[in-house]
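Trainee: Let chain B serve as the given structure and place chains D, R and A on it in line with the hints.
Now for the letters of each chain:
Protein chains: 4
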Amino acid sequence: MKFAVLGAGRIGKIHAETLALRLPDTEVTAIADVYEPAAAETAASLRIPVSSSDTLAVIRRDDVEAVAICTSTDTHVQYIIEAARAGKHIFCEKPIDMELAQIDQALEAVEKAGVQFQIGFNRRFDPNFARVRRAIEEGEIGTPHLLHIISRDPGPPPISYVRVSGGMMIDMTIHDFDMARFLIGSEVEEIYAVAKVRVDPAIAEAGDVDTALAVLKFANGVIGTIDNSRKAVYGYDQRVEVFGSGGKIESDNNYPNSAFVSTSRSVYRDLPLNFFLERYKDSYVIELRAFVDAVQNGTPVPVSGSDGRVPVVMAKAARRSIDLDRPVKLSEITA
Amino acid sequence: MKFAVLGAGRIGKIHAETLALRLPDTEVTAIADVYEPAAAETAASLRIPVSSSDTLAVIRRDDVEAVAICTSTDTHVQYIIEAARAGKHIFCEKPIDMELAQIDQALEAVEKAGVQFQIGFNRRFDPNFARVRRAIEEGEIGTPHLLHIISRDPGPPPISYVRVSGGMMIDMTIHDFDMARFLIGSEVEEIYAVAKVRVDPAIAEAGDVDTALAVLKFANGVIGTIDNSRKAVYGYDQRVEVFGSGGKIESDNNYPNSAFVSTSRSVYRDLPLNFFLERYKDSYVIELRAFVDAVQNGTPVPVSGSDGRVPVVMAKAARRSIDLDRPVKLSEITA
Amino acid sequence: MKFAVLGAGRIGKIHAETLALRLPDTEVTAIADVYEPAAAETAASLRIPVSSSDTLAVIRRDDVEAVAICTSTDTHVQYIIEAARAGKHIFCEKPIDMELAQIDQALEAVEKAGVQFQIGFNRRFDPNFARVRRAIEEGEIGTPHLLHIISRDPGPPPISYVRVSGGMMIDMTIHDFDMARFLIGSEVEEIYAVAKVRVDPAIAEAGDVDTALAVLKFANGVIGTIDNSRKAVYGYDQRVEVFGSGGKIESDNNYPNSAFVSTSRSVYRDLPLNFFLERYKDSYVIELRAFVDAVQNGTPVPVSGSDGRVPVVMAKAARRSIDLDRPVKLSEITA
Amino acid sequence: MKFAVLGAGRIGKIHAETLALRLPDTEVTAIADVYEPAAAETAASLRIPVSSSDTLAVIRRDDVEAVAICTSTDTHVQYIIEAARAGKHIFCEKPIDMELAQIDQALEAVEKAGVQFQIGFNRRFDPNFARVRRAIEEGEIGTPHLLHIISRDPGPPPISYVRVSGGMMIDMTIHDFDMARFLIGSEVEEIYAVAKVRVDPAIAEAGDVDTALAVLKFANGVIGTIDNSRKAVYGYDQRVEVFGSGGKIESDNNYPNSAFVSTSRSVYRDLPLNFFLERYKDSYVIELRAFVDAVQNGTPVPVSGSDGRVPVVMAKAARRSIDLDRPVKLSEITA
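From first to last, the protein sequence lines are chains B, D, R and A. Under our numbering, residues 25 to 359 are what the first sequence spells out, in order. Under our numbering, residues 25 to 359 are what the second sequence spells out, in order. Under our numbering, residues 25 to 359 are what the third sequence spells out, in order. Under our numbering, residues 25 to 359 are what the fourth sequence spells out, in order.
Note that these hints are calculated values from the structure, not bench results. Note that CB positions come from ideal geometry on N, CA and C, so glycine has one too. Any given hint might turn out to be false.
Unchecked claim - Cut-off 20 Å, straight-line C-alpha distance, at most; resulting in silico cross-link-like pairs (SDA-like, lysine to any residue):
1) B:K220 - D:K255
2) R:K220 - A:G245
3) A:K305 - B:K136
4) D:K255 - B:K305
5) R:K136 - R:R333
6) B:K305 - A:L297
7) R:K353 - A:A243
8) R:K37 - D:P48
9) R:K305 - D:R46
10) A:K118 - A:S96
11) R:K220 - A:L297
12) D:K255 - B:G245
What the hints assert, rightly or not - Partial selection, computed: residues in chain A whose CB lies under 8 Å from chain R:
13) Y216
14) K220
15) V239
16) G245
17) I310
The shape of chain B in the complex, shown without the other chains:
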């Protein structure tokens, strides 16, 4: 299966490497980036034949069957629509867009074209979270009652990024909103969120928050929480717990090694993995494998366009709850 990768930034390079080297039945025929040298450099190191700064031309190439959209968020919708029109299957990084009207345009184009469309919520494919989902699906812990998601970054992004990020809920918590839906397999109807600036006053000056707690009420009766911080000094902290009528399941962080040391002061181990690309390394390969399989078999993708839209609604509801200090129903979010 022949891919074009759009965007040669951090995540673009990872997907290009997976498609060029890791998966046996895929290749990358072209890579595009508005900054041409970036595209050229990645092309060279991965032996990709074509690099270009003309993204639209790359999308339309005859030797491209599918595109992986890894460009900045504000360009997603345009490229989705172009790729759909050109009949290319689409893998797109999250979020689709920050505005629902835009998202709906993209979804419409995809549906009209009848191409496959998968959103890059890679964490669903992480072995830890996939195991938790499986437990719930198979009834290993009975009917779920309570969910807790811990999702803390090792450090805040640059303030320049914070200013244009759309805010913590849509930039960071969006992953957790997807995780909540994925794990529980039911829709959230209402969100109550509380947020603070505890890490860095500059984040407040940029109009954002860095510490947050959201409560989710699901249609199936589950109550969930999401715990977010922009700065966990001990590393990337990504855990979940689901409690149900038949038990509970908890996932832990990943560590660089399994060694425990006991000295005269304490029993200790090395810190958990710090960098998200390392923490989620396997999930990037597995999600593309799943996308390729869906395209080749004509089966539904595991993360649909609707799965890309709902977390944006959730992020908007959470944001409104923070602003109004009251629970907000998802049905209140109309744009």
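Mentor: Okay, now just chains D, R and A, sitting in the frame of chain B:
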């Protein structure tokens, strides 16, 4: 130090045994219970000289310096007032009472009499939670930002008890409200709570809930959650996590042994301790040790009358939040 | 059941307290110690009616049904013989004696008198080791193939004690020899041991070793190891692992609390319990409970006189292996 | 750096993939296998230009700078000598050979040619074991006193393989002999080993054993053990513990995920990784990275020819100890 134990039920027996056998500098000179045979039986097994069904007479005995009130909640205030008037130091099980006006009467009597008065929030003295508190007090994890309390019973109480319990918030969550204040060392200003019946419809018929989630906003900026269930099939689940600017601390459950077994199916261990008396065994001894020390040294007790009052206010705020589906400030609770 | 406790040292006090306060159906009618003030002090604090420096007179008292022998090792045999002659049941601390001829005299006296006789190998009653034994007994890990015992003290005894201790094998490893037989339920036929002085040269000067490794060949084909050190800086290290055809079981140390802290440097917990009396606290109560039950029901004691003799043979075989640098059969040990 | 891979079996394919795809500065110009279709298939899937059944011709190709020898053990020495003569750097799977005279011929040829020569003891590069080595190197646990290696396979090899394997010590334990030297950084002087057939009588009929325990005495005073079984029903069990004057360090197995489930029966997790290629996945990449670095920088390889020879001597000593039931010095092994 000479004690009278009031009430020879489950917790009364435990305190009687601690005061009669475990602590080297205390003895129990009398035990009272409205059902005289219960008092007599405990007296016999612990070699307590006097047993009686006349609680007031026992309180007033000359050879009694302090009382441990372990009777039903509705009798607490009366015995507190009587004991205070008689100049006896008072250890009283929680809650003081379900009504603030009653509690205030009791606190007033205690203050007037100048006797020591400690509330039986024993979990503060559990080695796991005490360790978490110490970490926060000593700055081991920096400034706290987020708190999570998991508090799940192994099974619901009898429906007959549920009906008169005052509801889950004041009957069960009250311990967690105390734990939250104890760990963070700051007052809660606002509570948002969600509750469901997921365990047993009979609990709904009795007018109560069995699954709940509360969000606490503290004066010092910490955001906390309490997760409650009346039925964790794997045992008594009592854990906390505190996250701060310098790290996090998590406590786990206690287990009957440390063995892990690996077979062809899984790697497993035995279930955590199921029974609260076993789980919190040590804490009952340590809390009475602390009370006796405070009396003997004339120093403040570690759990004051005010510490007994505030969680009742919190329970009422949580209950109101459940009823109104909005966050409720503690300042809204006036009775 | 009325006990006399012989010896008011560290372990004598523990057994006296258990028999006087912890077990509901036992009492201590007398306590003896060659140093009378020690006996008197313990008697006073536990309200034991009689204290004395005349051990033989105490043994023979009419109001004594059983004795707990907690005196120095060189007096054990004499007191066993006296107690047996007087028809008293006997609980005796390990080792019975350092010489087999002496041990055999004691066992003969016990058999002749028909009294119950239990050896104080308390670790068998520790919940961790008891759980491992249960796994093996019930076939939870299939047929055992390999056994590992880690047994490291937090610090060496005083050199003055080392000189008269009989050597590390009989003083310290003897517990592990018993543990090996207890866990596997088969006799050891041959031992190969290696020993070094790594902790303190003064131990070498005193003619002993402080670091050792023993290999045990069992009659049922199991191969076992014992790892000993006199000094583990992180605390008392007492673990076992048994591997079999159906899996493995491992036990860990006990910790003062369950809290884990994560900071910017590491993920850590507090050190394991350091003091053997704290680590094995429960086992002292359970072993006496088992002794009392055996006496009252006329059933076999869980740790017999033979169980007291065999580990002494094993210690002698291990010592000889160290001296000769070759495996030594237990059948080679005749005195 | 241009490689030829010799042997297209399981490990040959892994190294070919690493050199062709994983390392950015290496390529595979040819692959050889006596069974040509195997070579051709791997060549096709990895886009290797040349495949051949003529191993010697491949070794001598001008576009080959280094060879990775992944053929059957009995061919190693011949290919080492040929490659050395042709001036190619050599990465060779373990063991070099089963006979010391043969090994010495190979080492001589390598030395004469002045090429780099690294042995494939990949476990040294596993993050868990590398962490343990680092602890010892940096004094994190003080001076080492005791070492334990647990090394159990998930299942025995086919009996046809057992017959030609050279026996468990040289086929399986050889990895652990290397690990022991690597971790402790000192030579073993004497070995005592005990072995049994507990897994499958057919292994006895094939003249081998399946369960073993070896004791190692190191020149620096450390005492070590190796625990081997051909069948751990719960998966691949590869752990070490080192105890020293300043503490201990323990490494655990790797698991497919971090999830723990608690139900009404137990608290459990999924079994550890079962397959050695999965368990040691990272180590295969890291060892070749290290080899390439050593060649490119002209620095010593991390696993030398001598490191390949000594474990063979240790295996022979262990085998002799099993046969003679006594400790055997390495100096006794002359051929």
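Trainee: Measure nothing beyond the straight line between the CA atoms of K255 of chain D and G245 of chain B; if it is 20 Å or shorter, mark the hint as holding.
Mentor: holds, 16 Å
Trainee: Classify the hint on Y216 of chain A as holds or violated, based on whether any CB of chain R lies nearer than 8 Å to its CB.
Mentor: holds, 6 Å
Trainee: Has the given pair, K220 of chain R with L297 of chain A, been kept, meaning a C-alpha gap of at most 20 Å?
Mentor: violated, 37 Å
Trainee: A closest beta-carbon separation below 8 Å is what the hint needs, so does K220 of chain A meet it against chain R?
Mentor: Holds, because the Cβ-Cβ distance from K220 of chain A to chain R comes to roughly 6 Å (cut-off 8 Å).
Trainee: Would the hint on I310 of chain A stand, with a C-beta cut-off of 8 Å toward chain R?
Mentor: Not OK, violated: I310 of chain A not within 8 Å of chain R, min 23 Å.
Trainee: For a C-alpha distance cap of 20 Å, please report whether K37 of chain R and P48 of chain D respect it.
Mentor: holds, 14 Å
Trainee: For K118 of chain A and S96 of chain A, compute the direct alpha-carbon distance and say whether it is at most 20 Å.
Mentor: holds, 10 Å
Trainee: Given the hinted pair K353 of chain R and A243 of chain A, is their alpha-carbon gap at most 20 Å?
Mentor: Outside the cut-off at roughly 27 Å; violated.
Trainee: Return the status of the interface hint for V239 of chain A: holds when the least beta-carbon distance to chain R is below 8 Å, violated otherwise.
Mentor: Holds: closest Cβ of chain R sits about 6 Å from V239 of chain A, inside 8 Å.
Trainee: Hinted pair, alpha-carbon criterion (20 Å max): K305 of chain R, R46 of chain D. Please report holds or violated.
Mentor: Since the Cα atoms of K305 of chain R and R46 of chain D sit roughly 14 Å apart, the hinted pair holds (cutoff 20 Å).
Trainee: Within a Cα-Cα threshold of 20 Å, do K305 of chain B and L297 of chain A meet the stated pairing?
Mentor: holds, 18 Å
Trainee: Under the criterion that the straight-line Cα-Cα distance not exceed 20 Å, is the pair K136 of chain R, R333 of chain R satisfied?
Mentor: With Cα atoms ~17 Å apart, K136 of chain R and R333 of chain R stay inside 20 Å; holds.
Hint violations for this structure: numbers 1, 3, 4, 7, 11, 17, all remaining hints satisfied.
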